[in-house]
Each structure stands twice: as structure tokens, then as C-alpha cells.
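Sequence lines, in order, name chains A and P.
Its first residue numbered 1, the first sequence is counted upward by one per residue in this note's numbering.
Its first residue numbered 1001, the second sequence is counted upward by one per residue in this note's numbering.
Honestly, the hints are just simulated from the structure, not real lab data.
Don't take every hint at face value.
[Stated by the list, open to error] Restraint ranges, calculated between C-beta atoms of paired labels, are given here:
1) Leu-1095/P - Gly-206/A: 39 to 49 Å
2) Lys-22/A - Gln-1208/P: 34 to 44 Å
3) Pro-235/A - Val-1135/P: 44 to 54 Å
4) Asp-58/A - Ser-1044/P: 38 to 48 Å
5) Pro-235/A - Ser-1044/P: 23 to 33 Å
6) Gly-206/A - Leu-1025/P: 45 to 55 Å
7) Asp-1058/P - Gly-117/A: 48 to 58 Å
8) Leu-1069/P - Trp-13/A: 41 to 51 Å
The structure presented is a predicted model; accordingly, all values stated were derived computationally and were not measured.
Glycine included, every Cβ here is placed at the ideal spot set by N, Cα and C.
Listed below are the residues making up each chain.
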Amino acid sequence: MEKERFTERVRSWEKGWRAFWKNKTAVIGAILLFLVVVPIAVFAPLISPFDPNDQKADLALKKPSPVHLLGTDMYGRDVLSRIIWGTRVSLIVGLGAVLIGVFLGTVLGLTAGYYGGRVDDILVRIIDIFMSFPTLLLGLMFIAVMGPGVRNLILSIGLALTPRIARIARGATISIRGYEFVLACRAVGMSDFRIMFRHILPNIFGDIAVMGTLWCATAIILEANFSFIGLGIQPPTPSWGQMVRSGVDYLGNAPWLWIFPGISILIAVLAFNMIGDGVRDMADPKLRG
Amino acid sequence: MVQYVLRRIFLTPITLFAVFTIVFLVMRVAPGDPATVILGSFASEEALQAVRRTMGLDKPLYLQYVESLSGLLRGDLGRSMITNASVAYQIRKALPYTLDLMVAGTFFSLLFGIPFGILTALKRNQFWDYFGRSVSLAGLSTPSFLLGLLGLWALSIKIPLFPSLGGGEIGNLLSRVHHLFLPSLTLGLIQASFISRMTRSSLLNILQEDYIRTARAKGLNKRIVILRHAFRNCLIPIVTLVGLYVGILIADSVLIEVVFNRPGIGKLMVGSVKNRDYIMVQSIMTVYAAMVVFINLITDLTYGFFDPRVKYR
């Protein structure tokens, strides 16, 4: 019985992968992410044509040209180079925030789901209250307390995502908790900590990792939002949201200042969302063949 | 039914109380000293103490909490730590701009989202379906500020049809509507991408139901089947969705207020976060949470209106 349920679970993962690869949107998204966005971030120093912070007053606000493909900004910095370096910042903040959120959310969700009863009741109530706020406002609240800057931004976005991740982790833990192997662990006198992290965690991690792509999209858009508002990445570090922000002053005169970084955000988030589209197919057994 | 409604209404203030408590705790317990943040890390200890005293931060936590809470119950949210203006007054002044934006935005989102969703569902796996789904996927990946800026650029600078900034004159309805159009259209288009996806999938599920086949089999025309039988039933998930996405509506309204310089509570919130105005941030967070709670209450209560099968417990 136990073994059957387990192989069923494994088989359902295999089916999930097949559903993912059948989804054209998801495959295009994965290609976009892993063959375009990630390499740009990794090889930023090699491919960026200019130093992103190199100011040349005589070249300020030049239209896109063969030398400066996407034009220059108000300090004469090359927009394309700043976008390329900004890719790095966006991905680091996005991934960093998701990692923090996954860590905290998993610990909370595991604890709530594993212990159940009163512990679960209290944690779920608190999580639900946090979830009644939009992530943007939660993040704003944390930034209000901690202040701007890269480190605080990653932490704030991570904390803002935590309640949502905890909910998923809790659900997955509850679905695992009833398995006989958990009972067996307890029967041999294993500590709760060991059961939770050595035996349950590996089983729920797939569910969490799969949802991670959707949270990455959220985290990147949040970073862009905060930087656009002026509460995220501070100049001179190039970030897409902050480039759009400083381009607003030249809305009509130099639209390349804000359109191109804006489109970069769109492309990165779109890549994650397209992957997420396939991931949803994986997670929803009804849609599987 | 009456009992259910009463219980839900009774529970609302309790939820709000819990929300306020959590916000209060997060703002006080989180690492970071507000006084240092306001004055900078080189401020003298006396100056820091003085700031703490005026902010009431030198009192014990429970006393601060009791004072804030009793103020909240009296409708007195305290004074702004920066401008010393009444927080309640500032929020009351800004709130109409935000509510206008959210209502008009929801109107546009339903106006575009539902027909688009129906179209993509009916033309499943044909050109219009792929086109519509691509557009809505792009819509949900577009930062709302980018769409807002594009709107401003096209319809306010290139073709000056709409005013670019501000919320319009207070007494002048025409000016307010004129200022509202572009921001609410932006908000509506972003929301429409969620609504159309949901309408599509919910309509697709319903079109496979037996009663649709029966309706078609007894010779009803397709139009009537879709509008009278299928669409009525896919309204329930749409109502849920409007409730579920109120968070995204709020988040995008904040950004759009910043882009269009609308003097709503979103812009007030952003300004207060910049100034570290804790009391203001705490109050606006509570107002937003109240919006979420009330909209969820209303959506829960309207289920029965769209679906007579819903039993209230």
C-alpha cells in the first residue's frame, strides 16, 4: 500500500514533467530564461559594451545610435550597458528574496503542518492576517522599518513572500504527514526535528521548488516596483526599476531612457510567468494526459 | 442565511483588530530604531532620546499599544511624526482619489476582461484564443508603472488628450473624471488580464457540463446557451476572483497613483515610508487591510446571489 502510493507519487511527477514539455509556452519561457536572461546576467562584464557608471557629460541624452544602441542617459551613461548590469541586480534580488522566503516559509509551514492542532491554528491565523495584505504593501511596511538598500530590499521582499510560501509548505506537509513512513520514524523514536527536516522536507520540496518560478516573477516585479518608487536599489547601482524612475523626468524628450529598461522587466517577468504556465499544468492533475 | 451574514459582519471587527495588532507589532518589534533612522547614525544620544520621547517610543510597548488602539477606536489615529498634521484628516482627504481609481479600474477590468475571456474560450485553440492568451500573459507580466507611463506618453504628451498629473479639482466633477480616465484605464487593463484568464478557464469547464449538452440537444440556439446557461454559472468564479485579486488591485493602484501623481492614500503611503512616518504607515496599512476585509465580506455574501445552491453555514 505504502509503496504503491509512493510510486504513484513518483509517476505523477514524471507525468508532470511530460505535461511541462508539452506546453509550448513553458518551453519558450524556459529557453528565454536560461539561454537569454541568465547568460546576460552571468556574463554582464564581458558583453556590456561600456562601463555602466562611466559618465560622459558631452554624450548626455543621445538618441539610440550604432555606438550606443539604446542611447545614453542624462549623465551620458550607456543605457544598454546599464540594462545588462541591471539584469544581474534583478536576478540576484529576485532569487535572494525567493530563497529567504522559501527558507522561512518552509520552516513555518513545516512546523504548522507537522504539529497540527493548536500550533497549526495559531500559525495559520497569523499567516492569514499577513496574507490579507498585498505583497507590495507588506514589503513597503518592512522597508519602512528597515530602510532601503540591496540587503534590506532582499530581506523585505523575502519576508513579504513568506506567508504565501508557508501556506503551500503547510498544505504539502499535511498531505505527507499521514504516510506510514512518518509513523515509522516516530515509532523508532526519531526527534520531531529530524523527521521534519530529514524525512518530510525532501518530499515536499518538489512542490515548493515548482512554485518557486512564480514567486521569482513576483519578486522581480516587486524589486522593480520598489526601485521605481525610489525605495529599492539606490543609485548609482543600475537597476531596471530605478532606470525607469530616473527616466520619468525625460518622459517625452528621451523615451528610450524608460521604455527599454521597462521592456527588460517585462521580458524577465514574462519568462518566469511562461514557465509558471507550464508549472501550473504540472501541478494540476486534471490537465495531465 | 441571516445568521451567516450576521456572524460574518460580527467577525469583521475582530479581524481588523488582529490586523492592527500585527501591523503594530511588526512596526515596533522589527529590527531597526526609528529614531536612528530619522536622525541618521551620527546623532547624539540626547537628540535620539528627544525624538523617542516625542514619538512615544520611550514608553513600554503595551502602553504604546493601548494608546494607539484606544485612539483608533475614537477615530483618532494620532499625528504625523513629520508634519504633525492629523493622520485621520489626511487619510480622509486622500481616500476618495483612491476609491475612485479602484472602482473605475474594476469597471474597466470587467468591461475588457469578461468579453475577452468569453471570446478566447469560445474560439479555443484558434487564432483569437492564442492571441488573447498571449495578450493576457503579457498583461500580467507588465509592470503597471510601465503601462501607466506608456499611456501618459501616448495620450498626454504625444497627443495631449488627457491631463498628465494630479487628481483634478475637488469640486469639479468633469475635471475629476478627466483626471481619472487614464489612471483607471491603466489599472483596468492590468486587472483585465487576470479576469480574462479566469473567465476563459471557468467558461471552458462549464461548457463541458452535461446541462450545456442538454440545452444544446434540445435545440436552443448557441447564443442563448452561452449567455443564459454557461455565462451565468461562470460568474461565481469571477466574483471570487474580484475578491481574490483585490490585493493586486490595491498594489497596482499604489503604483499608478505614484505614476500619475494622484493624491490618494497609495501616494501618501509611499511618501510616509520615505519619511519613516511610522504612525502614518501603520494607519494606512490598517485602512488597506480594512478594504481587503470588506471586499472579501461583500464577495462572500454575493455568492448566494449568483448561485442559489450556495448554502450559508
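Tested hints:
1. The hint said 39 to 49 Å for the Cβ distance between Leu-1095/P and Gly-206/A, and at roughly 45 Å that hint holds.
2. As the Cβ distance of Lys-22/A to Gln-1208/P is approximately 20 Å, the hint placing it in 34 to 44 Å is violated.
3. For Pro-235/A and Val-1135/P, the hinted distance range of 44 to 54 Å is not satisfied, since their beta carbons lie about 34 Å from each other.
4. The hinted range of 38 to 48 Å is satisfied by Asp-58/A and Ser-1044/P, whose Cβ atoms lie roughly 45 Å apart.
5. Distance hint check for Pro-235/A and Ser-1044/P: the Cβ-Cβ separation is about 30 Å, which falls inside the suggested range of 23 to 33 Å.
6. As the Cβ distance of Gly-206/A to Leu-1025/P is approximately 34 Å, the hint placing it in 45 to 55 Å is violated.
7. At roughly 40 Å, the beta carbons of Asp-1058/P and Gly-117/A sit outside the given window of 48 to 58 Å.
8. The hinted window of 41 to 51 Å between Leu-1069/P and Trp-13/A holds, with their beta carbons roughly 49 Å apart.
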